[in-house]
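Q: Here the protein sequences line up with chains A and B, keeping their order. Residue numbers for the first sequence follow numbering that gives the first Met the number 0, beginning at 0 and rising by one. Residue numbers for the second sequence follow numbering that gives the first Met the number 0, beginning at 0 and rising by one.
Check the hints yourself; a few may be wrong.
Which stretches of chain A does chain B cover? Using the computed rule of at least three CB atoms under 8 Å from a CB of chain B, they are [what the hints assert, rightly or not]:
1) 79-91
2) 149-163
3) 265-276
Worth flagging that the hints you see were computed from the coordinates, not collected in a lab. Because the structure is a prediction, the values reported are computed rather than measured. Yeah, the Cβ is synthetic: ideal placement off N, Cα and C, and Gly gets one too.
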Amino acid sequence: MSAVGVTPTAVKKNYLTALKEAIFEEMARNPNLVCLGEDIGILGGAFGVTEGLLAEYGTGRVVDMPISEAAIIGAAVGLALNGKAVMAEMQFIDFISCGFDQIVNNLATFHYRTAGEVNMPVVIRGPAGAYGGGALYHSQMNESWFCNSPGIKVICPSTPYDAKGLMKAALRNPDPVLIYEVKELYRRRDLEEVLPVEDYVVPIGKASIRREGTDLTLISYGQTIYHCLTVAEQLAQEGYSVEVIDLRTLVPLDEDAIVESVKKTNRALVVNEAPRTCGFAGEVVARINELAFEHLDAPVLRVTRLDTPVPWAKPLEMFVLPSVESIRATALRLLKF
Amino acid sequence: MRRYTGAPDKRGIGHIVETSLATPATTTIKPRKAKDGEVNLRPQDALTPADRMEMLRQLYLARYFDVRLIKEKKRGRLRGTLYSSHNQEGVIVGSLFALQPQDWISPIHRDMPAFFMKDLKSGWNNPQRMGMSVEAVCAQVWGKADSPGRARDNWSHIGSRAKRIIHSTSMLAGTIPVAAGVAYADRLNGGNAVVVTYNGEGSTAQGVFHEAVNFAAVHKLPVVTIIENNHWAYGTPTRLEYPLEDFAERAKGYGIPGYIADGQDVFEVYDQVSRAVQHAREGNGPSIVECKTFRAYGHGDHDDDRAAKYRPTDVVESGRSRDPLGVCKATLVEMGLLSQADADRYKAENKAAGDVTDDDFPKEIVDYLKIGVEFAINSPLPEANEGGMWVFREGK
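Isolated chain A (complex conformation) (with noise of 0.2 Å):
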């Protein structure tokens, strides 16, 4: 409650608000903008990101899907090749494998295959990340298996200030772009925060600096974000400055944020909760390698989910996924190299 002439004090909001305001403002923004995915529009969405779209957009721009990701990905590549921006909800990530084919072969190769003819305004997003308890098929990063996909943007925000801006600048995008929204960031009261009242967009490929420090980067994305700021407050009481770089965006990866804290602090770990074969955090090291090797005093070390599905009684699935205490001690090696 305001009195007249008292600004009202701002309301902090959560990430999932964050991404819900996005996706509405663009809506507005763009006529031409039509939002596809199953349970999207009379229910409002699993988790409730596109609550009340129907009702303020209808049935025209706001479509309930059949269980049918192939479909979902094809008509978006449909409607875009016919002048339309398109927004599709994978219902949990992992069910994006279901429309594997029209992402990689399809949507992604578009714009190439036309000879920049045609380019592709879809952005795919839907909510991924395990500690949940989701088990094998609700808790997936397959974040991987598009970077390496050449023509798929991926993003994934870890604040609701990010989630807004990457959200906007994505629907704004004229190429494809998948979204990892992380799930068990939607509602965490202590992420909340005041978004600008102002329009604005988060750019795609600029990492952020989460924290500086000058002994040892940590590069991660999604919320082992939070496993790694927890682990940098822990070392800073042991006299360690550890800097945090959150990605934000995979591809095109922001290795200039990357390379100038490496050559800061000489050394890097990178996290991520992916499983380790061929998963993103090894293309980080690759890249370090090939862009600031002769900066680095120790090894580039990763810390990622065992080579494991995501199991689901929770000491399992504890075991597999990084955590505070595996992030810490490996930091540690590398800041005693």
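Mind docking chain B on chain A? Use the hints.
A: Using the frame of chain A, we list chain B on its own:
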């Protein structure tokens, strides 16, 4: 094998005609004249004599294009694989003739002539017509820089937003959901375009076929799914692809009409596709049109000499015997639109590609393609560094 012809009944399925087992359609359909009081019994009854003669010309053009490519390929002048449309041209010509300029198509590997034959009705040399030029398509076949996609992907993997041709990939049936999306966008824009997709019967076993046809049916999208049923998916016969005698029966499961045409009869293809297109344009939604046909050669030119492993010689001879050029000419002679002497003047039908010569085709056809081939030969190869371009519209 049962074969359906003629007008759809209440279920959207045509009359049943019994034919011999295991061979493609062999019954010649005689055009039926309208009785007093009956107008336009079939869509083809509204065709003018000039229309019918134009369809014959287009059959010659499609055949000549294919024959020329087969010869060029054998001489080692083309890269990749040629998927011959020989003996299946009735499906291409008959279906394209049923469309309006604003309509979209998605041809696949065996429909190479469709890229430049779309909207030929608007003038073979009319640059404004809603089809690619024969020069552009030849440049693509030759892998040159002037192809619509600058030769970045091969053969049939081209398209044009401007000409309303959907770009395909090698993943079969994958253009049907794209067609549905194109149709959905057209509806949002207030358009009245119909989107026609071409598919082999083998591709119907793909999951995306079901997903896309179902989605189109739910939203009554104007998507016509043509099945070019040539009875073998590469080397696998239909009995190992789906458990139906007529694939179009499956339409019932989607709550949409299934039409069946003798794919060797260009006029019957025109009939059934016209019905499907009308059904779509009037807002009644998608349909499946099964065109029963027979490919003259192997799956691709790489397996011509292995095709005998899965297609017995007598079946091949029988299938080839109903050549769409010959069937069309016979109809035109019977209707009195073509003299027997004129029909015999250019005998391209029932001949293997290696046995026909330019003299078997009207000179205008030979000349038309000659311009395209010369353009392709003179077009440069793309610059090597283009291989790294156009991954994204914005940024690298």
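Q: Which of the numbered hints above does this structure break?
A: Structure breaks hint 3 only.
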